[in-house]
Amino acid sequence: QKEVEQDPGPLSVPEGAIVSLNCTYSNSAFQYFMWYRQYSRKGPELLMYTYSSGNKEDGRFTAQVDKSSKYISLFIRDSQPSDSATYLCAMSNTGGFKTIFGAGTRLFVKA
Amino acid sequence: DAGVIQSPRHEVTEMGQEVTLRCKPISGHNSLFWYRQTMMRGLELLIYFNNNVPIDDSGMPEDRFSAKMPNASFSTLKIQPSEPRDSAVYFCASSSGQGASMFGELFFGEGSRLTVL
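Chains as they are written, first to last, in the working numbering: chain A, 7 to 117; chain B, 115 to 231.
Certain hints may be false.
[To be verified] Listed next, the in silico DSSO-like pairs over lysine-lysine satisfying Cα-Cα at most 30 Å (straight line):
#: 1; chain 1: A; residue 1: 62; chain 2: A; residue 2: 116
#: 2; chain 1: A; residue 1: 76; chain 2: A; residue 2: 104
#: 3; chain 1: A; residue 1: 116; chain 2: B; residue 2: 182
#: 4; chain 1: B; residue 1: 192; chain 2: A; residue 2: 62
#: 5; chain 1: A; residue 1: 104; chain 2: A; residue 2: 62
#: 6; chain 1: A; residue 1: 116; chain 2: B; residue 2: 138
#: 7; chain 1: A; residue 1: 62; chain 2: A; residue 2: 73
#: 8; chain 1: B; residue 1: 138; chain 2: B; residue 2: 192
#: 9; chain 1: B; residue 1: 192; chain 2: A; residue 2: 48
#: 10; chain 1: B; residue 1: 182; chain 2: A; residue 2: 73
#: 11; chain 1: A; residue 1: 116; chain 2: A; residue 2: 73
#: 12; chain 1: A; residue 1: 76; chain 2: A; residue 2: 8
#: 13; chain 1: B; residue 1: 138; chain 2: B; residue 2: 182
#: 14; chain 1: A; residue 1: 48; chain 2: B; residue 2: 182
#: 15; chain 1: A; residue 1: 104; chain 2: B; residue 2: 138
#: 16; chain 1: A; residue 1: 48; chain 2: A; residue 2: 104
#: 17; chain 1: A; residue 1: 73; chain 2: A; residue 2: 8
#: 18; chain 1: A; residue 1: 8; chain 2: A; residue 2: 62
#: 19; chain 1: A; residue 1: 8; chain 2: A; residue 2: 104
#: 20; chain 1: A; residue 1: 116; chain 2: A; residue 2: 104
#: 21; chain 1: B; residue 1: 182; chain 2: B; residue 2: 192
#: 22; chain 1: A; residue 1: 48; chain 2: A; residue 2: 116
#: 23; chain 1: A; residue 1: 73; chain 2: A; residue 2: 104
#: 24; chain 1: B; residue 1: 192; chain 2: A; residue 2: 116
Bear in mind the hints are in silico, worked out from the structure with no lab data behind them.
No experiment lies behind these values; they were computed from the predicted model shown.
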């Protein structure tokens, strides 16, 4: 079993839709939960991160962490064609050195 | 700042040849990471350094892979001999602020796309 499981998609939605992306994990030592966004032929860039459980909102993006279920989510409201990218969930332990990534979900937002 | 700089951006080589990938981290960052990305396996951590010292190389696939960081501004990942299954995009990332109670954002380069024929 992989430490982090993420559906690779692809996920195709119309512009303006609400998008839900999810990951599950198995290592209860993870404390930091991140979402990175990767455009085609580019390196991943940090979108947002959460420490431990709870919600965090940044504009159209909301990250949720449920440590009891080992489940994290990213919601994108009013999705835009510019949101088309691969979204990778990532996690690290308290030390933060070893960041483990999910496989990434490819998202297409159609105009 | 120019960000993390990787070279070459693209490399096509034949099986058995030596491949050297290079990385210049962001100035002032004290941690450096090498990742490999494939469709099948996603983004895998190969090795990371802290203050130029290798901390964890458990992700390095086999002895054909080696990584060095001779100083704070340069690192190499070498594959010798290369095999077709090594074909992937190799990313270098750097970070500051890593610690027991700190979050360290990873800043990635644009990657080196390796094709081994």
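* Are the Cα atoms of residue 8 of chain A and residue 62 of chain A separated by 30 Å or less? -> holds (26 Å)
* To do: For the pair we were handed, residue 138 of chain B and residue 192 of chain B, check the Cα-Cα distance against 30 Å.
  => Since the Cα atoms of residue 138 of chain B and residue 192 of chain B sit roughly 15 Å apart, the hinted pair holds (cutoff 30 Å).
* **Pair hint outcome, residue 8 of chain A versus residue 104 of chain A [Cα-Cα no greater than 30 Å]** => Answer holds: residue 8 of chain A to residue 104 of chain A is near 15 Å, not above 30 Å.
* **residue 182 of chain B paired with residue 73 of chain A [C-alpha distance capped at 30 Å]** => The given pair, whose Cα atoms are some 37 Å apart, is violated under the 30 Å limit.
* Asked: Within 30 Å, alpha carbon to alpha carbon, are residue 192 of chain B and residue 116 of chain A?
  -> violated (41 Å)
* Given pair status - residue 62 of chain A, residue 104 of chain A, alpha carbons within 30 Å -> holds (22 Å)
* Please work out if residue 116 of chain A and residue 182 of chain B have their alpha carbons no farther apart than 30 Å. => violated (44 Å)
* If you draw a straight line from the CA of residue 138 of chain B to the CA of residue 182 of chain B, is it 30 Å or shorter? -> holds (12 Å)
* Asked: Is the Cα-Cα distance between residue 76 of chain A and residue 8 of chain A 30 Å or less?
  -> It holds: about 13 Å lies between the C-alpha atoms, which stays within 30 Å.
* Is the Cα-Cα distance between residue 48 of chain A and residue 104 of chain A 30 Å or less? -> holds (21 Å)
* Does the alpha-carbon distance linking residue 192 of chain B and residue 48 of chain A stay inside the 30 Å limit? -> holds (22 Å)
* **30 Å limit on alpha-carbon distance, applied to hinted pair residue 73 of chain A and residue 8 of chain A** => The hint holds at about 17 Å.
Of the hints listed earlier, those the structure fails to meet are numbers 3, 4, 6, 10, 11, 20, 24, in rising order.
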